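Chain residues, written in single-letter form:
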Amino acid sequence: MTQSKAKQKKFIVLIGLLVILTVITFIISLNLGVVRIAPLDVFKTLLGMGTARDQLVLVDFRLPRMILSLLIGAGLAVSGAILQGVTKNDLADPGILGINSGAGFMVILFIYFFQGSMNSVTTFGIFLMPLFALVGAVIAAFLIYLLAWKKGIDPVRLILVGIGVNSGFGAAIVIFQLKMNPQDFMQAAVWLSGDIWGANWKFVAILAPLILLLLPLALYKAHTLNIMNLGDQVATGLGIRVEKERRLLLLVAVALAGFSVAAGGGIAFLGLVAPHISKRLIGPKHQLFLPITAVLGSFLLLLADTIGKNLLAPTQIPVGIVVAIFSAPYFIILLMKAK
Amino acid sequence: MVSLSTENLQIGYGDKTIVENLNLQINKGEITTIIGANGCGKSTILKTLARVHSAKSGIIYLDGKMIHKVPTKEIARKMAVLPQSPEAPNCLTVYELISFGRSPHQSGFGRLTDNDRKVIDWALEVTGLTSFSAHPVDALSGGQRQRAWIAMALAQETDLLLLDEPTTYLDMAHQLEILQLLEKLNREQSRTIVMVIHDLNHASRFSHHMVALRNGTIVKEGTADEVMTPDVLKTVFQIDAEIVKDPRTKKPVCLCYDLIEKEQSLDKRRVMNF
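In the order they appear, the protein sequences are chains A and B. Under numbering that gives the first Met the number 0, think of the first position of the first sequence as 0, with each following residue one higher. Under numbering that gives the first Met the number 0, think of the first position of the second sequence as 0, with each following residue one higher.
Read the hints as simulated data drawn from the structure, not as lab findings. As the structure is a computational prediction, the values presented were derived from the model and not from experiment. Accuracy of the hints is not assured; some may be wrong.
Unchecked claim - Here are the computed distance ranges between Cβ atoms for each label pair: (1) B:248 x A:247: 45 to 55 Å; (2) B:171 x A:156: 32 to 42 Å; (3) B:141 x A:6: 18 to 28 Å; (4) B:64 x A:4: 39 to 49 Å; (5) B:137 x A:169: 31 to 41 Å; (6) B:137 x A:159: 24 to 34 Å; (7) B:257 x A:4: 37 to 47 Å; (8) A:327 x B:64: 18 to 28 Å; (9) A:145 x B:9: 21 to 31 Å; (10) B:120 x A:159: 36 to 46 Å; (11) A:334 x B:12: 35 to 45 Å; (12) B:12 x A:169: 31 to 41 Å; (13) A:153 x B:64: 28 to 38 Å.
No residue lacks a Cβ here, since even glycine has one placed at the ideal position from N, Cα and C.
So that you can see chain B by itself, here it is in the shape it has in the complex:
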C-alpha cells in the first residue's frame, strides 16, 4: 500500500505564504479529512499533495520517494486526484469520462484493452452508474455527475484518493451517498482517502483521522473525538460549539454553534441601546 507524507512543507502564491512548516502523515488504509475555515489553506495543501501546485520548499513523500522526482504518470498510477467541481466538455459520455481514468495505464493513443473495459465496468457498477454509461455527463444530476467523476478516479486503480470537497453543491441525501460510497471503498478495498470537507459532522462521522487547520498550520489532529472539541473548534473557526454524541453513530457532532466575535459585538450594541 502507498504512503503519503510531507516534511516541512511551505506553500504559497507569489510572495504570500499560505502554509508553513507542514508535517503531515497520511495513514495507510484510513480516511483522513482536512477541516478549517475558508482560506486556511486546505485546498492549497491538497493541490500541492496532488502536484497541481508546487511547494516553495519542503518535501512530499509518496511511497517513500520524493514526489517531484517521480514521473507524473507513475504518480497517477498510485494516486488519483479529484479537484473541486471539475467540468467535463459538452457531450462527453459517462463511459468516455471514466475511460480517461485508465490513461495512466495506457500508452499514447488511449486504446482500451479488455482489462481497461473490465475496470471501467466495475467503476460504473460500484458508483451505480451502469445504466447511465451512454449518457452525456452534462445531462446528469449533481449527485450523479459527482459519482461519475469519482468513478473516473476509481478507474485509475490507485491506492490513494485525494478529493477536494467532493460533496459541495449536493443536497443532504446525495452528500451522504457520496461519503458512504467512499467509506465502502475504504472498507472493502482498503483505499486510502484524503479529503477536504466543510461539513464538520460528516468529517467526524466518516474519518479515521481529522486534521484541523488554522492559517496554514495544524491546530490539532487525531480521531474525531480528539478534534471535535469546543476548544479546537473555537481556535479553528472562532465559534462557540455545542458538541454532543450522535445517538446513531456514537461520533461527536456539532449540535449548534454561535459566532464568538459577532456575539460580543451584539452585546456591545445591546449595552449601547439600553
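Pulled out of the complex, with its shape left as it was, chain A reads as follows:
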C-alpha cells in the first residue's frame, strides 16, 4: 500500500514537472521564431494591446501552431501507448503499423491528382487534404485488421500484418512521388516527414474537441489495458471480453493517430518514444502511465517544433525530422544498455 502511495506521489511530481517544462517551452516558443518578439510584447499582444504585426505573427500563426503541436503530441503518444498495450509489443506505434503511411498514401494521391486543379487557399481546400489523410489512416487500419483476422486477432499477427501493410503503402508512395513534378514532390516530402503545416485556428477548433474527447476515453479503459497486458488467456479468465475490448481500443488508437496525422503529417517515432520514456518513469499501470504519456507527448512535440522552427531559421525543419533525430540516438542508447 505504501508503495502504491509512493507511486501516486511520484506521478503527481512527474505530471507537475512535465507541465512546468511544457509551459516554459511554450513561453520560449512564443518569443522565438523568424520574427522575435520580446516577452513583454508577447504579454501585451496576448492581452490585445500589441502591434498589428505582433498580433498577426503571434495569434494567427504561432499560437495555433503551438496548440496544434500540443494536441498532436498527446494524440500520437497515447495512440502509441494503446497500440503497445493491445499488441503487447513495445515496438508498436502508428508509424510501424502502417497507419501513417496509409494516410501518407492518400495525401500523395491527393497532391498528385488534385493539387493543380484545387485552390488550396479556400476553406474547402485546406480541409480536403487532412480529410484524405484521415481516410487513408482508416483504410490502413481496416486493411490491417481484416488481414490479421483469423478467428480473432493474434497480437503478433497484427504487428506483422501492420509491417507488411506499411511497406506496401510505402512502396506505393514512392511510385507516385517519382512521377510528381518537383514542386509537388517537395510538398509531399515535407508532409511525409511530418510538419504542422495546417496551422490555423480552424484546425485547432476541429482537432481539439476530438482529441480531448478521445483521451479521457483511453483513460477510462486504463484498467482494461492493465489486464489485457497479462495476456489474452488471463484476461479472459478475469472476465474481460478480449476481442471486443481490443477492437474498441484499436479504434480509439487509430482515431487518435488518424486525426493527429491528418493535421500533423507523418510524424514518426513520437508514438514509440513517448510511451517508452513514460513507462520507464512511472511503470506499466495505465491509470498513471497514460496521462504521463499524453503530457510527455505534448511536451516533446512542442519542443521539437520549437527547435525545428528556430535551429536553421529562416529555414524550417519539419517537426517529424526533429523528433526522429532525437529519438534515434535514444533508442540506440536503450539498446546498448539492454545488451
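With chain A held as given, fit chain B onto it using these hints.
Relative to the frame of chain A, chain B by itself:
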C-alpha cells in the same frame, strides 16, 4: 458450490479435430487432474472449459447454465483460470498482480474497496507472499512467481480453479509446495480444482479424481487406484510401468517405466547384431 460438466464436446483447431465427444463431469469440492501424453488435448480441453478456446460443438455447463450464454464477467466470479506459464509485464508488483484478480468483482475503473484489500491481503498470506507484496513479479524466483499467479486466481474468490500445468519449470520442492497449497485450499475451503499435470505421481498423490486421455478421448477415469494401473498407462503413454504403493501416502506411484515401442526396436537391433 459451482459445478462444471461437458456434453458431447468437440474441439479442434481449423479442420483438425482434437477432442471428440467429451463427456466430462467435474465433481464439486474435489481435485481433478487430467493426464495424458503431449498433444493428447489436455490443455485444449482446459482452455475450452476456460472459454479461452471455443468448442466446435457440444455444450459446457457451469453451475447448470450453458457457459456460452453467461456473461464472461459472471463466469469469472465462479471460475478462475491460470494458463500455462503466464507472463506479467515488467515492473508489475506482486500486489498489483493480485489486485487484478478482483476485477470480476469491480466496475470499470478498478478502484479497490476495503473488502478487495482484505481479500488481497488474505491471498498474499495464504500463498506466503506477504513480505513480497511490493516486489516486482519479474524479480521473483520461479516458485514465488507461480504462487503470485495462484494468489491472483485466489483473489478472484471463485469456487472453481482451473490450472494448466501449475508446476512446470519448478524444481521438486517447489512443485510439492504448490501442490500442497492447492490441496490445502481444496481441503480447508472446499474449492474445486481442475488441473493438467505431467507428473503422474503428483497427480496420483493429490487428486481425488483422475482423467486419463489418449487422442482426445477419455481412456479411463476414476480414483488414483483405478487409473494408475499398468494397463491404463500402457494405453495412454505407451509405457511399461511398474506401479507400487507409496509407503508414506499409500497412493499408487510409478516406480519405473520403459518405452514399449523403443524396447522392441532395440530387441530387433540386438537380433540383427548377433
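Going through the hints against the structure:
no.	hint	in the structure
1	B:248 x A:247: 45 to 55 Å	51 Å, holds
2	B:171 x A:156: 32 to 42 Å	38 Å, holds
3	B:141 x A:6: 18 to 28 Å	26 Å, holds
4	B:64 x A:4: 39 to 49 Å	42 Å, holds
5	B:137 x A:169: 31 to 41 Å	36 Å, holds
6	B:137 x A:159: 24 to 34 Å	26 Å, holds
7	B:257 x A:4: 37 to 47 Å	60 Å, violated
8	A:327 x B:64: 18 to 28 Å	55 Å, violated
9	A:145 x B:9: 21 to 31 Å	29 Å, holds
10	B:120 x A:159: 36 to 46 Å	43 Å, holds
11	A:334 x B:12: 35 to 45 Å	37 Å, holds
12	B:12 x A:169: 31 to 41 Å	34 Å, holds
13	A:153 x B:64: 28 to 38 Å	29 Å, holds
The structure fails to meet hints 7, 8 from the earlier list, while all remaining hints are met.
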